[in-house]
Amino acid sequence: MPKAAKSIIFWCIAALLVIAAVGPFVWLLATALKPQGDNIFDTAALWPAHPTLENFAEVWQKVPLGQYLINSVAVSILAIGLNLAISVLAGYPLARMRFTGKPIVFGIVLASMMIPFQVILIPLYQLMLKLGLTDYTGGQSLFSPFNIWVGLAIPVAVSGFGMLFIRQSLAGLPKALEEAALLDGCTPLQTLWYIILPLIQPALATLAIFTLMASWGEFLWPSITVSQPQHYTLPVGLVALQSAFSSNWRVVAAGTIISMVPMLVLFLLFQRFFIRGLNDGGVKG
Amino acid sequence: MATLSKSSSKPKSSANKIAWLFLALPIGCLAVFFFGPLLAAGWMSLLDYSQSLEKPTFLGLGNYTRLLQTPAFLQAVWQTGLFWLAIVPAMVVLPLALALFLNRAVFGVGAIRTVLYLPVVTSLVVVGLAWKWLYAKDGLINAGLATVGLPSVDWLTDPNIAWLAISLVVIWKGAAYYMMMILAHLQSLNSELLQAAELDGASPWQRHWHVTIPHLAPMVAFVMVMSTIGTLKMFTEIYVLTGGGPLGSTQTWVYYLYEAAFGHLELGLACAAGILLMWVLVAISWGQLRLLGEADHA
Numbered sequence: 001m002p003k004a005a006k007s008i009i010f011w012c013i014a015a016l017l018v019i020a021a022v023g024p025f026v027w028l029l030a031t032a033l034k035p036q037g038d039n040i041f042d043t044a045a046l047w048p049a050h051p052t053l054e055n056f057a058e059v060w061q062k063v064p065l066g067q068y069l070i071n072s073v074a075v076s077i078l079a080i081g082l083n084l085a086i087s088v089l090a091g092y093p094l095a096r097m098r099f100t101g102k103p104i105v106f107g108i109v110l111a112s113m114m115i116p117f118q119v120i121l122i123p124l125y126q127l128m129l130k131l132g133l134t135d136y137t138g139g140q141s142l143f144s145p146f147n148i149w150v151g152l153a154i155p156v157a158v159s160g161f162g163m164l165f166i167r168q169s170l171a172g173l174p175k176a177l178e179e180a181a182l183l184d185g186c187t188p189l190q191t192l193w194y195i196i197l198p199l200i201q202p203a204l205a206t207l208a209i210f211t212l213m214a215s216w217g218e219f220l221w222p223s224i225t226v227s228q229p230q231h232y233t234l235p236v237g238l239v240a241l242q243s244a245f246s247s248n249w250r251v252v253a254a255g256t257i258i259s260m261v262p263m264l265v266l267f268l269l270f271q272r273f274f275i276r277g278l279n280d281g282g283v284k285g
Numbered sequence: 286m287a288t289l290s291k292s293s294s295k296p297k298s299s300a301n302k303i304a305w306l307f308l309a310l311p312i313g314c315l316a317v318f319f320f321g322p323l324l325a326a327g328w329m330s331l332l333d334y335s336q337s338l339e340k341p342t343f344l345g346l347g348n349y350t351r352l353l354q355t356p357a358f359l360q361a362v363w364q365t366g367l368f369w370l371a372i373v374p375a376m377v378v379l380p381l382a383l384a385l386f387l388n389r390a391v392f393g394v395g396a397i398r399t400v401l402y403l404p405v406v407t408s409l410v411v412v413g414l415a416w417k418w419l420y421a422k423d424g425l426i427n428a429g430l431a432t433v434g435l436p437s438v439d440w441l442t443d444p445n446i447a448w449l450a451i452s453l454v455v456i457w458k459g460a461a462y463y464m465m466m467i468l469a470h471l472q473s474l475n476s477e478l479l480q481a482a483e484l485d486g487a488s489p490w491q492r493h494w495h496v497t498i499p500h501l502a503p504m505v506a507f508v509m510v511m512s513t514i515g516t517l518k519m520f521t522e523i524y525v526l527t528g529g530g531p532l533g534s535t536q537t538w539v540y541y542l543y544e545a546a547f548g549h550l551e552l553g554l555a556c557a558a559g560i561l562l563m564w565v566l567v568a569i570s571w572g573q574l575r576l577l578g579e580a581d582h583a
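Chains as they are written, first to last, in this note's numbering: chain A, 1 to 285; chain B, 286 to 583.
A few of these clues could be false.
[What the hints assert, rightly or not] Which residues of chain B face chain A? A few of them, derived with a C-beta cut under 8 Å, are: (1) F319; (2) Q336; (3) V400; (4) V411; (5) W416; (6) L425; (7) V539.
Because the hints were derived from the structure by calculation, they are not lab data.
Beta carbons: idealized from backbone N, C-alpha and C, even for Gly.
Could you put the whole structure together from the sequences, leaning on the hints where they help?
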């Protein structure tokens with residue numbers, strides 16, 4: 001086959017793939033931009049003749065989307081911070097130290113990765129209730145809404161995956177630098193902070209993005225633990241929006257588009273961390 | 286001598302102390318927020334909550350036997366198996382095809398990969414909502430069918446079709462995730478190996494089947510396990526798209542657990558369903574570890 005023909009076939013298939021991947025989002029955007037008068041099922045006009053932002057304004061006024069956004073951001077930041085901290089604290093000794101009980105710790109970490117979160121859903125919920133980390137506590141908590149954010153972040157943040165991931169990236173690091181630091185009188189904590197963490201920054205960024213994706217998209221846990229709209233995260237808020245405005249898709253579509261923007265921007269800015277996460281966490285570290 | 290060498294190979298107690306100081310927070314968190322609740326779930330699965338939520342009575346394995354006689358649960362397990370059949374083969378073949386297709390140095394190929402990755406980055410609820418509208422009675426897909434003269438389909442309301450429609454959404458959202466994994470693995474394939482095969486007279490097709498595909502085998506096994514685990518845990522897609530209906534035809538294992546717990550307050554039954562799911566997943570993960578271990582030694 002001539003080269004040109006091959007290239008044309010390649011680009012035709014590629015174009016179809018791109019349409020398949022992006023089409024639903026474009027349709028969502030087109031729906032969100034349709035004026036109220038238009039028949040949204042009038043699919044002859046895939047793109048509205050007179051696009052309008054009125055649906056965006058309406059959804060923003062009628063639904064506390066901004067509050068959902070704040071909750072999602074706060075929960076994600078907490079989840080990332082906590083996840084990085086415990087992953088590093090566990091990954092460092094697992095990669096570098098000899099201590100009694102190491103195989104047991106490994107076993108615990110691996111087991112926590114195998115066991116599905118759904119199994120502990122009910123007891124974990126009861127525990128969070130007792131700890132005052134949900135909004136069913138009756139009276140307003142002193143720490144509200146921080147306690148609720150923490151309660152939402154914990155299941156995402158406490159993960160064996162992160163611990164093992166950091167251990168793997170540390171295992172690939174040469175030991176000479178830290179040994180020198182330890183000989184020069186650094187404590188293990190100082191070595192970790194000043195020598196090791198700067199060296200594994202890419203791994204930390206990757207884990208942060210991974211945690212962000214998990215926490216940003218999480219639906220099951222927040223839908224159970226949170227009852228008051230002012231504590232909804234975006235996924236819970238969107239589902240509520242959809243059931244409240246099921247007859248007005250334009251408004252729901254506008255809300256959905258708004259909720260996508262932060263992640264989309266981050267993805268376009270930090271693509272390589274989004275994509276590398278998987279490869280590092282792949283078959284072998 | 287034996288005792289001496291044994292004691293010298295033991296970590297010093299000060300080293301122990303330091304290691305455990307580091308581990309205190311992470312292991313403490315796992316203990317409180319994971320293994321504590323896990324033990325509680327195991328215990329709760331032995332209790333009967335049908336009389337009182339506050340004071341459940343001890344039942345033993347009654348929830349398990351009841352579960353295995355509950356048609357709704359058995360249907361949910363069966364349906365989860367059907368989802369597995371629809372999703373996992375596609376999750377292997379499609380990403381593999383995509384990766385092989387996009388594994389070339391053409392201008393713009395990086396941009397295509399990025400665009401294909403968008404569904405992966407988008408949250409499940411957003412994806413579910415977008416497809417719910419595409420699948421609607423007079424939604425875009427049916428409109429498209431109408432323009433080519435085909436009858437419209439009840440994508441989410443026909444029990445024979447709804448689960449396939451959901452499977453398609455799962456594949457659409459996940460394919461690029463595995464594609465990227467396979468691509469990274471492909472790029473680690475030594476090009477000398479391919480050149481050697483070419484020099485030996487292997488056709489492009491033969492090189493494909495005898496060099497590239499075997500190189501990818503461990504990765505394909507990994508993708509299979511990952512997508513199996515994902516399918517067994519399916520929940521949000523169902524919640525957003527069909528709510529388990531029509532006629533329970535899209536009810537999955539986890540969805541059943543969710544409804545038993547938060548719909549019917551059958552906490553013991555729900556925990557039993559969770560514990561059973563856990564054993565299935567642990568068996569799969571354990572098999573995977575064994576498999577990978579063997580691949581490592583090979």
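Hint check results:
The beta carbon of B:F319 comes within 5 Å of a beta carbon in chain A, closer than 8 Å, and the hint placing it at the interface holds. For B:Q336, the interface hint is violated, the least distance from its beta-carbon to any beta-carbon of chain A being 18 Å, above 8 Å. Taking 8 Å as the C-beta cut-off, the interface hint given for B:V400 holds, the closest approach to chain A being about 5 Å. At its closest, the beta carbon of B:V411 sits 5 Å from a beta carbon of chain A; the interface hint therefore holds under the 8 Å criterion.
Taking 8 Å as the C-beta contact cut-off toward chain A, the hint placing B:W416 at the interface holds, the least distance being around 6 Å. For B:L425, the suggested interface contact is upheld, since its CB lies about 6 Å from the closest CB of chain A, less than 8 Å. Annotation: B:V539 was flagged as interfacial toward chain A, and the flag holds, the nearest CB pair being 5 Å apart, inside 8 Å.
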